[in-house]
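Colleague: Spelled out, the chains give:
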Amino acid sequence: MSNIIKTIDVTDSLENLKEVCDIEDGRISGRIFYDQKIYEQELEKIFARCWLFVAHESQIPNTGDYVTTTMGEDEVIVIRQKDGGIKVFLNACPHRGNKVCFAESGSTRGFICNYHGWSFNVAGNLVGQHESGIYEASDFDKAKWGLKEVAQVESWKGLVFATFDPEAPTLQEYLGPMTWYLDALFDNQEGGTEFVGGCIRSTYDCNWKIAAENFVGDILHAGWTHDSAARAMLGGSVAKVSDFEESYSVNWNGHGYEFALDTVGNVAVLGESALNKYLHTIKPSVAERLGEFRANMIGAVSSCTLFPNFSFLAGQNTVRVWQPRGPNKIELFTWVVVNKSAPQEIKEKWRKGAMMTFSPTGVFEMDDGENWEYCTKTAKGRVTAAQDLYIGLGMNSRAEETSLPGNVFKGQLNEANARAYYQQWFDHLSTKRWSELPNRNFGKQEAE
Amino acid sequence: MEKVYLCKTSDLAENQVKRIDNSEHGDIAVYNLGGNYYATADLCTHATASLAEGDIEDEMIVCPVHWGQFHIPTGRAQGFPCEIDLRTYPVAIEGDAIYALVEVAAPALIAKG
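Chains A and B, in that order, are what the protein sequence lines are.
Residue numbers 0 to 447, in numbering that gives the first Met the number 0, belong to the letters of the first sequence in order.
Residue numbers 0 to 112, in numbering that gives the first Met the number 0, belong to the letters of the second sequence in order.
Simulated from the structure, these hints should not be mistaken for lab results.
The structure presented is a predicted model; accordingly, all values stated were derived computationally and were not measured.
Do not take every clue at face value.
Said to hold, decoys possible - Ranges between beta-carbon positions, derived for each pair:
id	chain 1	residue 1	chain 2	residue 2	range
1	A	I133	B	S9	25 to 31 Å
2	B	S9	A	E135	47 to 53 Å
3	A	G196	B	E56	25 to 31 Å
4	A	K276	B	E82	55 to 61 Å
5	A	D82	B	E13	15 to 21 Å
6	A	H115	B	G25	54 to 60 Å
7	A	I3	B	E13	53 to 59 Å
8	B	P72	A	G196	53 to 59 Å
9	B	G25	A	D82	50 to 56 Å
10	A	G325	B	P72	53 to 59 Å
11	A	E189	B	D95	49 to 55 Å
12	A	E135	B	E56	26 to 32 Å
13	B	D20	A	Q80	37 to 43 Å
What the hints assert, rightly or not - Non-contacting residues of chain A with respect to chain B, defined by C-beta distances greater than 10 Å in every case (computed):
id	residue
14	L13
15	E14
16	K36
17	E103
18	Y114
19	G127
20	S131
21	G132
22	A286
23	E330
24	K339
25	N370
26	K379
27	E435
28	F441
Where a beta carbon is used, it is the ideal one built from N, C-alpha and C, also for glycine.
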């Protein structure tokens with residue numbers, strides 16, 4: 000396996016990280032959204048180590064089907080192999096580093112570099128070069144110069160993740176009991192899910208964490224930030240979350256899912272009654288498959304982020320990756336996910352509904368973008384960046400007696416998930432390898 | 000006409016191709032297309048590549064390096080960047096042995112463009 004990427008050296012952690020992130024004390028500071036040195040630490044200690052979402056299996060069904068994406072700022076190609084497996088390669092020629100694939104997606108027999116004609120097959124092996132005869136005189140070993148392959152690739156129910164770190168735990172271990180909740184969207188019907196349409200790409204002048212944190216556990220903003228958009232889509236305001244009798248914030252390894260149990264609160268904002276009806280129609284079969292509790296989650300008021308930068312909304316069915324592009328810029332990749340078994344017109348309504356609400360011109364997305372950009376931009380001020388930001392809501396809200404898996408907190412109007420998220424961020428930035436990472440989980444591994 | 004031994008029929012499964020090293024005439028690719036045997040030059044006419052390392056798709060061999068294609072029975076270049084036809088050899092089967100019948104003076108191959 001000589002084409003496996005070289006693991007990068009990890010530099011020393013920054014001193015005094017606690018000044019900008021003290022979770023026990025319930026505070027962070029704006030510097031974490033603007034500081035270049037912190038950003039560089041994130042690229043090596045988070046994006047070069049963690050499991051990152053790279054594709055949905057449905058995007059690449061056949062041999063040679065591929066998508067290109069990024070893992071942090073590293074460009075990669077995700078490609079289906081002849082044996083049905085998936086490989087992920089750096090999108091860079093191992094001769095002079097030129098990009099070898101310029102398309103977002105497609106189907107191919109391989110990749111040929113524009114510069115010196117190095118040609119790679121679907122498995123990433125170097126199979127030829129322009130003037131290939133001259134290489135023999137240099138004792139060139141073709142087998143060593145294929146496209147560089149990431150350390151690990153794994154799928155969970157159609158979602159493909161990859162990591163650059165050979166020491167990273169298995170994907171199953173990384174996700175832990177979060178998968179029990181993820182089933183509510185990704186495995187609520189036989190056949191699972193697929194992506195419909197392409198990838199919508201847009202940019203924001205904001206830090207990647209502020210967006211990821213919003214999805215990890217901030218439903219609080221919705222009733223205020225999105226009030227006018229909700230009135231436009233629903234003819235009234237967003238459901239008053241504090242009125243819900245039962246709702247939760249659950250986290251594990253920095254991932255977080257906040258949710259109510261109202262079945263259709265999220266899907267309703269797409270303004271397509273056929274989608275509400277669809278969820279009500281499938282709900283009995285979901286209850287049979289996953290139990291009553293998770294059947295109530297399928298389109299409920301909720302949001303989720305898997306650490307570090309993969310998020311989704313069940314109901315709106317928008318799936319997204321907040322790709323870091325410097326400390327104060329992101330490129331947002333979004334897709335629409337649907338049940339494979341759903342009728343075609345339902346899939347189409349979801350695609351359109353997500354475009355209307357959570358695309359660059361979507362009514363909710365624009366509300367968020369404005370806020371996230373200014374959360375980032377104010378930190379340009381050196382004095383402002385040094386001030387404490389409050390992150391203490393729900394400090395003592397742990398659900399002591401629960402049969403639910405994961406670290407469970409009562410109520411979704413709660414910053415417990417945000418704290419767990421930033422704690423994981425802090426822990427990664429404070430350590431050099433997985434084995435040094437503290438385990439702060441206290442909840443159950445499995446549902447009872 | 001020289002009779003060059005290639006391999007046994009039992010060594011070549013259906014829709015498989017195999018390279019037979021031959022320093023005198025150039026390496027030869029031998030194919031089994033649904034029980035019919037064919038032989039062509041193994042070297043791609045476009046760039047350095049062993050066609051036996053490529054994939055067979057219907058009656059075509061796809062070059063593994065730049066994915067040009069040749070029609071196996073006729074040697075005709077069918078897909079960019081291949082423009083020069085591939086040399087083909089008549090095949091003789093004797094028992095389970097496959098032979099290529101090689102004209103000693105090879106016809107000159109001239110680029111089309």
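Colleague: Evaluate each hint against the coordinates.
Modeller: Status of each hint after checking the structure:
Between A/I133 and B/S9, the C-beta spacing of about 39 Å breaks the proposed range 25 to 31 Å. Separated by about 34 Å at the C-beta atoms, B/S9 and A/E135 break the suggested range of 47 to 53 Å. Roughly 30 Å separates the CB atoms of A/G196 and B/E56, a value that falls within the hinted 25 to 31 Å. At about 59 Å, the CB distance of A/K276 to B/E82 agrees with the hint of 55 to 61 Å.
For A/D82 and B/E13, the hinted distance range of 15 to 21 Å is satisfied, since their beta carbons lie about 20 Å from each other. Between A/H115 and B/G25 the C-beta distance comes to about 26 Å, which lies outside the given range of 54 to 60 Å. In this structure, A/I3 and B/E13 break the distance hint of 53 to 59 Å, their C-beta atoms being roughly 35 Å apart. The hint said 53 to 59 Å for the Cβ distance between B/P72 and A/G196, and at roughly 43 Å that hint is violated.
The beta-carbon spacing between B/G25 and A/D82, approximately 33 Å, falls outside the hinted interval of 50 to 56 Å. Checked against the hint of 53 to 59 Å, the pair A/G325 and B/P72 passes, with Cβ atoms roughly 57 Å apart. Taking the beta carbon of each, A/E189 and B/D95 are about 50 Å apart, inside 49 to 55 Å as hinted. Our hint of 26 to 32 Å for A/E135 and B/E56 holds, since their Cβ atoms are close to 30 Å apart.
The beta-carbon spacing between B/D20 and A/Q80, approximately 29 Å, falls outside the hinted interval of 37 to 43 Å. A cut-off of 10 Å between C-beta atoms confirms that A/L13 is not in contact with chain B; the least separation is 47 Å. Once the 10 Å rule is applied to beta carbons, A/E14 is consistent with being away from chain B; the minimum gap is 52 Å. No Cβ of chain B approaches the Cβ of A/K36 within 10 Å, the least distance being about 45 Å, so the stated non-interface status holds.
For A/E103, the non-interface assignment is confirmed: its Cβ lies about 21 Å from the closest Cβ of chain B, beyond the 10 Å cut-off. Non-interface call for A/Y114 relative to chain B: holds, since the shortest CB-CB distance, roughly 15 Å, exceeds 10 Å. Not every CB of chain B is more than 10 Å from the CB of A/G127 (nearest about 3 Å), against its label as outside the interface. A Cβ of chain B approaches the Cβ of A/S131 within 10 Å, the least distance being about 4 Å, so the stated non-interface status is violated.
For A/G132, the non-interface assignment is contradicted: its Cβ lies about 6 Å from the closest Cβ of chain B, within the 10 Å cut-off. For A/A286, the condition that its CB be more than 10 Å from all CB atoms of chain B holds, with the nearest at approximately 48 Å. Against the 10 Å criterion, A/E330 stays outside the reach of chain B, whose nearest CB is about 31 Å from its own CB. Listed as outside the interface, A/K339 is consistent with that label: its C-beta sits roughly 29 Å from the nearest C-beta of chain B, beyond the 10 Å cut-off.
The beta carbon of A/N370 sits about 49 Å from the closest Cβ of chain B, which is more than 10 Å, so the claim that it is off the interface holds. Distance check on A/K379: its Cβ is at least 50 Å (rounded) from any Cβ of chain B, clearing the 10 Å threshold; non-interface status holds. A/E435, annotated as away from the interface, keeps every beta carbon of chain B farther than 10 Å; the closest lies near 45 Å. The Cβ of A/F441 lies farther than 10 Å from every Cβ of chain B, with a closest approach of about 54 Å, so its non-interface assignment holds.
Of the hints listed earlier, those the structure fails to meet are numbers 1, 2, 6, 7, 8, 9, 13, 19, 20 and 21, in rising order.
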